[in-house]
Amino acid sequence: MCTTCGCGPDEVHIDGEHHHHDHGIAYRPRGKGHDHGHDHPHDHGHDHAHHSHAPGTSAARMVQIEQDILSKNNSYADGNRAALAAKGIFALNLVSSPGSGKTTLLCKTIELLKGKRTVAVIEGDQQTDQDAARIRATGASAIQINTGKGCHLDAHMVGHAMEKLDLAERSVLMIENVGNLVCPAAFDLGEAHKVVILSVTEGEDKPIKYPDMFRAADLMLLNKCDLLPYLTFDVDKAIAFARQVNPGLQVIRTSATSGEGMDEWLGWIETGVADVAQAGQVKAAPAAKPAAVSYRPVA
Amino acid sequence: MHEMSLAEGVIQLIEDAAKREGFTRVTGVWLEIGQLAAVETEALRFCFDAVTRNSVAEGAKLEIVDLPGQGWCMKCCETVPMTEHLGACPKCGSHQVQVTGGTEMRVKELEVE
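Protein chains in written order, with the numbering used here: chain R, 284 to 582; chain C, 3 to 115.
Hint data in this document are derived by calculation from the structure and do not stem from the laboratory. Each hint should be verified, as a subset may be incorrect.
Computed from the model, here is a short list of chain C residues facing chain R with C-beta under 7 Å [unchecked claim]:
1) L15
2) Q98
3) V114
The beta-carbon is built from N, C-alpha and C at its ideal position, and this holds for glycine as well.
Chain C on its own, in the form it takes in the complex (with noise of 0.2 Å):
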């Protein structure tokens, strides 16, 4: 999925956090992304080196931290984890599992000098 716009997205709110707490300088970003948030993260690493360039966060180290995928299963009336889209439960085999946790793509916090 568009790992440009939201390579794009994160420096926003970098430069947008650097204006407000006058930062100069990010030596580190730290993300979250869900399994299920269709993120390839070596494609927004790509991205991340490519829109960073000449702004306060060139060269900065990026950290991704997986979530994991997680859902809840109506036949089974509890949460179970979901590694895929399609999501079949892994209990009893239902596509009637409603996604709860895993689709996150969050700017975590900074490391800033």
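Chain R extracted, bound-state conformation (with noise of 0.2 Å):
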């Protein structure tokens, strides 16, 4: 049961058990099915005033509402990101297509790791635990989120699966999110970076079709490196291309199974660790901005 909120997603499991909900808003459309008959056209009968804001009848009442879309989401995850920096934790959102070596990349990153630094895992899949199971079989704790229908995961359900964590101190939280390079990019679930892996299998002009992804990213993993004399990949083209949606984006060039780039890599890990560490000593984390909102009466 949720004990913070009971709104979210229906179809939504953590390790299995149901996310379950009785009010709010679910991922479903709302009423029996999908009902496309359209029969409340969005223009009936208000086109009365409404370009001037001052409707015709007297109950009518304007309501500045200015808040983001995402705003919610934003909120759990700035809650998320309080309750990380309470603990220390460096934590990552790692996204990118399917297929691109992310869950080999992490088991070989815990294993590196492994006696130096705590990693725990979120896996968000849409179906199956398989991901969390291949982590837990290097020692790592790890959860599984199955979206069902959700193409990414959101901040809340990232919440929830941290709550279910024991969390270390000084840990790392490595958060994998659903394979897609379009939706998660939008979604802050509270992490310090988001980090794409772009793997050389597929093509180095993916930076510019999925600009908001890599635009949105603060590192860029390129990955299965050991397999560019088979390929005619071309490494600096991909980098151009990623540089030119984010000018700021660094790179590493990784292989999970020839280990290239992973020193590299865990550095990166560590001197993120070690900033946490000492922006908690700095200052506190930053509280959720409380919602703005006034009222107008309509004349």
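Need the complex rebuilt from these two chains, each delivered in its own frame; the hints are there to steer you.
Structure below.
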């Protein structure tokens, strides 16, 4: 049962448990099934005075909202970020298309960090707990979120998964998002950085085809580099495309198979852990901003 | 991009506001969507129609206000209009342009009864 909110997606399962809801917004259309009858056209009878914001009926009034559409998600993300900061945890949101080698790279990372740094993993997939099982086989704790029909993790799901994981202080939390280069770009989960993984078996032009994700990321791992001798993939071109959409993007060439770039990647993680620890000593986590709401009576 | 999630975000804000302000019916919803926000407004309209069924906003008129894309060109040192994501500066052609406006996705106001 949801202890903090009681709302969220109907089809979401966290480690096989149904995340159920009896109010609020679910990830489904309202009413019985998809009724595409459109018997409520948007413009029926409301063409009076809308543009002047002066509706004719005396009961009508305007309410100023001025809130970001994703503000609900962002407030959950702020909560996650505060919880992570309190324990000095460095959290990464790993995003890529399906099949980029995220899970294999994660397993290798955990193996190399064994004895030096505790890593916990939140796995996001539409179905199955295959990935969480692979992570657990390395000895790290992992929790699986199945998004059902959802195409991305949101901060609310991740908050619940964090409650279930007993996260150690000064550890690393890896959140492996649903394989999708579009939607996860817009959803802040409370992570320190989004890390985008592009494998060399994909096209060099992925960064300009899916610019939002490459713009949202702070680091790109160019993965499966051991396969480069067998491919026509142009590394320089791929990096140039990525920096075209995000001039400040850092890039590390990696291979979980050959071990290429792993030292640099682990070094990047350690720098992040140190930064989080330092930030924790300097300042407390910022609180979520209250929603700005005001009335404007209609004359 | 995930217009269904966005439409659900909108209805969530509307329902929160309904509880706070005590209105029972929404007849108009004004959104501000930036040109660089990667939102398909037609898809959003379709999803809005689906998620508002049986809610306080059923049948509400949806007005989407487009906000222009803007960026800061590091070479020209000035704000320039941007119409697409990859954002070459229209003056000098440089890609060293930082987006400064046009990524908004906001619920601006509601007309309620």
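Against the structure, the hints:
1. L15: holds, 5 Å
2. Q98: Cβ of Q98 of chain C sits 6 Å from chain R, so the hint holds.
3. V114: holds, 5 Å
In summary, this structure violates none of the numbered hints.
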